[in-house]
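Visitor: Sequence:
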Amino acid sequence: MSIQQNFPGFSPSLNLNFARSKRLDPRVTFVRQTGATVTNELGLLERVGNNIPRFDHVYDASTGAVRSLGLLIEEQRENLVDYSNDFTQLWSQPDIITANDTISPDGTLNAAKVTNDSNTNNFNFAGYRVFAETKTTYTYSFFIKDDDSGAFSIIVGTEQFNSGTGTYARNTFNFSTKTFTTFQYVGQESGYVTNQTYEEYPNGWFRIITTFDTSSFTSTQTQINFGFYQGVYGSTSSYYQRSLYTWGHQLEVGAFPTSYIPTTGLPTTRLADRATIDGQNFSSWYNQIEGTYFISTKIAHTPNPNVAMLFLVGNSAGARVSIEQTTSNTLTEIITNSGSYYFQPSGGGILSANEFRKTSLSYISTNGITTVGTASNLRTLADTTSSIDVNKSMNILYLGRYTDTFYYLNGHIQQFVYYPRKISNSQLQQLTR
Numbered sequence: 001m002s003i004q005q006n007f008p009g010f011s012p013s014l015n016l017n018f019a020r021s022k023r024l025d026p027r028v029t030f031v032r033q034t035g036a037t038v039t040n041e042l043g044l045l046e047r048v049g050n051n052i053p054r055f056d057h058v059y060d061a062s063t064g065a066v067r068s069l070g071l072l073i074e075e076q077r078e079n080l081v082d083y084s085n086d087f088t089q090l091w092s093q094p095d096i097i098t099a100n101d102t103i104s105p106d107g108t109l110n111a112a113k114v115t116n117d118s119n120t121n122n123f124n125f126a127g128y129r130v131f132a133e134t135k136t137t138y139t140y141s142f143f144i145k146d147d148d149s150g151a152f153s154i155i156v157g158t159e160q161f162n163s164g165t166g167t168y169a170r171n172t173f174n175f176s177t178k179t180f181t182t183f184q185y186v187g188q189e190s191g192y193v194t195n196q197t198y199e200e201y202p203n204g205w206f207r208i209i210t211t212f213d214t215s216s217f218t219s220t221q222t223q224i225n226f227g228f229y230q231g232v233y234g235s236t237s238s239y240y241q242r243s244l245y246t247w248g249h250q251l252e253v254g255a256f257p258t259s260y261i262p263t264t265g266l267p268t269t270r271l272a273d274r275a276t277i278d279g280q281n282f283s284s285w286y287n288q289i290e291g292t293y294f295i296s297t298k299i300a301h302t303p304n305p306n307v308a309m310l311f312l313v314g315n316s317a318g319a320r321v322s323i324e325q326t327t328s329n330t331l332t333e334i335i336t337n338s339g340s341y342y343f344q345p346s347g348g349g350i351l352s353a354n355e356f357r358k359t360s361l362s363y364i365s366t367n368g369i370t371t372v373g374t375a376s377n378l379r380t381l382a383d384t385t386s387s388i389d390v391n392k393s394m395n396i397l398y399l400g401r402y403t404d405t406f407y408y409l410n411g412h413i414q415q416f417v418y419y420p421r422k423i424s425n426s427q428l429q430q431l432t433r
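Under my numbering, the first residue of the sequence shown is numbered 1, with each subsequent residue one higher.
For the record, the hints were derived by calculation from the structure and aren't laboratory data. Check before you lean on any hint, since a few could be wrong.
[Claimed, not checked] Taking lysine-lysine pairs in the PhoX-like style, the calculated list, with each CA pair at most 25 angstroms apart, reads:
no.	residue 1	residue 2
1	22	358
2	178	113
3	298	22
4	358	298
5	178	298
Using the sequences and the hints given, assemble the complete structure.
Guide: Now the structure itself:
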């Protein structure tokens, strides 16, 4: 049921359906002062230029369909890999590398083929790379496609695999079953691999993602090893001349991956996405006395830091209206007036990754008393009255962030709707079903 069908009595004054329209309303100002990548309608990665908003998509391998996700909002990130797409530059490798051998996830002929040239064991490195270590959490991601290898391994640690010292963890991915097998060898440090997962792309490509924490490392380096593995390590079965394809390697500081950042010789930074409505573009639809918000968002990966789905700020210190997700992955709706919190429900269930959150919030001010209602798809309705009046000087809307610095969504806004009236509790619930 559409928004309009639910509420035939009055229409929204702002309806941003990013997933359907795949464009910005002219009242939205968008800034990102670098290029970036996005998944297009064909499921292929595409580069876009400075200040171009990204309307992202996801590929469904079970059906072959490509689905629109909406507007992508991400924080600033840096790819620490200097040659993300040149395997001969990226790695110190013993194996056979054939550059530009097959079509990559961006639809061009620029993915490398890696062939195992060792017949001495069923595990062999295709390459390794040493990074100067900072005591922090990293996420390593790359694209991989099978030729005839059956499986491969990504290893992160403080030393090269099987060197007899240090710490490493080997995550082996089976192309057929789409499952990981993890083996962790703890030498100098405690366990540190916190997550491994994958995303699928057309034409047999996977994006493999590994997150690891080096805060307990005592060594001075972090080493990443990329190789072939099949069966049980130490067996005598041959693995000679097997091959696979790889593309798009990325190492970034953070507990979850962001969109691919191409590099061609130096680490490269993608600046943050900033979508804003202010000035007359804001006052044209916002009602300071009463109104209703509805927002549908999706975050691909948890855990995630505190994130803002929307954030409206008044012209007095601390005044705001916001819908946020906390570090415990619960929703909270906040209305403050000059720093005084008077409405902040939270709890009601953990929000897992890759699920759209449908959240609504309504308010009305009558004789200095504000009544606020809220509902979400994971929490029952709340309705609160306060003697502290709502701030009536709201003047700017941040979509998916708090100002230009904090609480970036790192996910997608499917739709944002605003009604210049407070709707009933039953209608709030209908919005979020």
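Visitor: Now look at each hint and say whether the structure bears it out.
Guide: The hints, checked one at a time:
| no. | hint | result |
| --- | --- | --- |
| 1 | 22 with 358 | 19 angstroms, holds |
| 2 | 178 with 113 | 20 angstroms, holds |
| 3 | 298 with 22 | 16 angstroms, holds |
| 4 | 358 with 298 | 9 angstroms, holds |
| 5 | 178 with 298 | 24 angstroms, holds |
Of the numbered hints listed earlier, not one is contradicted by the structure.
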